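J.: Got two chains here, each in a separate frame; can you build the complex from them with the hints?
Quick note, the sequences are listed as chains A and B, same order.
Here the first sequence is numbered in this note's numbering, starting from 243 and rising by one per residue.
Here the second sequence is numbered in this note's numbering, starting from 66 and rising by one per residue.
Every beta carbon over 12 Å from chain B, so not counted as near; a handful from chain A, in silico:
| hint | residue |
| --- | --- |
| 1 | Ala245 |
| 2 | Val258 |
| 3 | Asn293 |
| 4 | Arg302 |
| 5 | Ile341 |
Pairs of lysine to any residue residues, derived as SDA-like cross-links and limited to a Cα-Cα distance of at most 20 Å, are as follows:
| hint | chain 1 | residue 1 | chain 2 | residue 2 |
| --- | --- | --- | --- | --- |
| 6 | A | Lys310 | A | Ser250 |
| 7 | A | Lys270 | A | Val337 |
| 8 | A | Lys310 | A | Leu300 |
| 9 | A | Lys385 | B | Thr101 |
| 10 | A | Lys385 | B | Arg99 |
| 11 | A | Lys385 | B | Leu90 |
Note that these hints are calculated values from the structure, not bench results.
Quick caveat: nothing in here was measured; it's all calculated off a predicted structure.
Heads up, the beta-carbon is just placed ideally off N, CA and C, and yes, glycines get one too.
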Amino acid sequence: MDAQIERSKIVVRWIVAVLLFGTVVYLKQRGEVHVAWPPILLLTALLALLNAVYGVILRRGAAPGWLKYVTTASDVALISALTALTGGTRSIFYVAYFIVLISNSFRYGMGMALYVALVYNLGYAAVVFVAPPGGDLTVEAVKILAFWGIALYAGYLATRFQRQARILQSYEETILRLRHEIAQLRPPAPG
Amino acid sequence: MTPGRRAVLTGRLSLVVAGVGAVFLIALLAIAQRTTSALWFLTFPLLLAGVLLAAAAAVLRMLRHF
Numbered sequence: 243m244d245a246q247i248e249r250s251k252i253v254v255r256w257i258v259a260v261l262l263f264g265t266v267v268y269l270k271q272r273g274e275v276h277v278a279w280p281p282i283l284l285l286t287a288l289l290a291l292l293n294a295v296y297g298v299i300l301r302r303g304a305a306p307g308w309l310k311y312v313t314t315a316s317d318v319a320l321i322s323a324l325t326a327l328t329g330g331t332r333s334i335f336y337v338a339y340f341i342v343l344i345s346n347s348f349r350y351g352m353g354m355a356l357y358v359a360l361v362y363n364l365g366y367a368a369v370v371f372v373a374p375p376g377g378d379l380t381v382e383a384v385k386i387l388a389f390w391g392i393a394l395y396a397g398y399l400a401t402r403f404q405r406q407a408r409i410l411q412s413y414e415e416t417i418l419r420l421r422h423e424i425a426q427l428r429p430p431a432p433g
Numbered sequence: 066m067t068p069g070r071r072a073v074l075t076g077r078l079s080l081v082v083a084g085v086g087a088v089f090l091i092a093l094l095a096i097a098q099r100t101t102s103a104l105w106f107l108t109f110p111l112l113l114a115g116v117l118l119a120a121a122a123a124v125l126r127m128l129r130h131f
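Okay, chain B solo, but in the shape it has when bound (with noise of 0.2 Å):
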């Protein structure tokens, strides 16, 4: 990182983001094999946004960007 400039997404955080992550993923996976109303579908984009934060946030990890 750049001296002087303040770290947005720390390593702490990234795993934080990491862990909401996975219970957004499981949560996911929980309404498709579980639900029988059309209206849990509407968490999908909510969700799928979550789960995607989170694997940018584990990769940026994973590569010791930080």
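Isolated chain A, as found in the complex (with noise of 0.2 Å):
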């Protein structure tokens, strides 16, 4: 089952990967975001290697049991990177930790929900720190606590789906079982 989600989440890095890297390139040829192309091309490259190696340790069969949180953590710390180069607080790339939590806290549950958010609570922290915006942090303060807030919500939903999925299986199983047991009750038919 993580395999599988693994997967797929290796898939949406790749396209998530294009879509930043070409809003950088369109956002940086308007002069509205102000980075160097080394940096740029390094974060992209990372995230290239980072998704081929993740792709190879799947492809040897079932995932092991550490490869989400360090692929969910490895998430947030790119886009971190990426936050602090491309103007720290004031980035449009932060909306980006969002696909982050909505994606893993809606295939993990709430334990992976309350996991993103306190990764991302470490990523921001050290992005607020390395580029301040002066004065007081009260802003980004209500921003962490926002997304501990959305975090909670995301991992609530996430759970009542699954327990919704859990008993809509049960339900199918049973009445796999019940027309087994009519089948078996059914008279054979004359002549």
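T.: Below, the structure is given as structure tokens:
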């Protein structure tokens, strides 16, 4: 199950990487993002390398238990680096954190939602530390607390969906079992 | 509670936990409002966990679970 989810995350990661890289190029050409090419290319290469390594690990069979935590942490770390490079607390790429949060919490549930919020908390604190906006940090604190709130809500919704999916699966299994039992009870056709 | 089972969270303990949670909440809001260093944000997960645990204990007490 985890291997299937991680494989689909690899595909999503390629798509998001292309979109983010394209957005950086576009905004850089318009002069709205002031960042040199080497760090952007380095980040993109690192993302491609990590995604390829994850693909190789998954090709060997079942996903190791630690893989989902490593892939999530690396995604948040790369987004933190991109955010820090492209304006820090005013970066447009801040929204990319939410892709990681929603994608992982809906796939894995409340535990992963809390893990994403924890890693985001560390990553975004590092962004604010490296590129401080100046003055007090109330807005940044509210952003972090709001992210925790969204993570808790996303985790709650994911837990509800998972429970409903399990109930539905048990209904399907019951229907199949009953069909089988009815078929065995039915008398053979005359003649 | 089932007879014979030892209570893990008693009424008195829930009161203490709720009190500690209130202190954590005040600390959280004070940091959010006053801090000028991002390093203080690293305490948020711990403080939030404390606040949520305390809120859960307070709700159990309000529902007269004990």
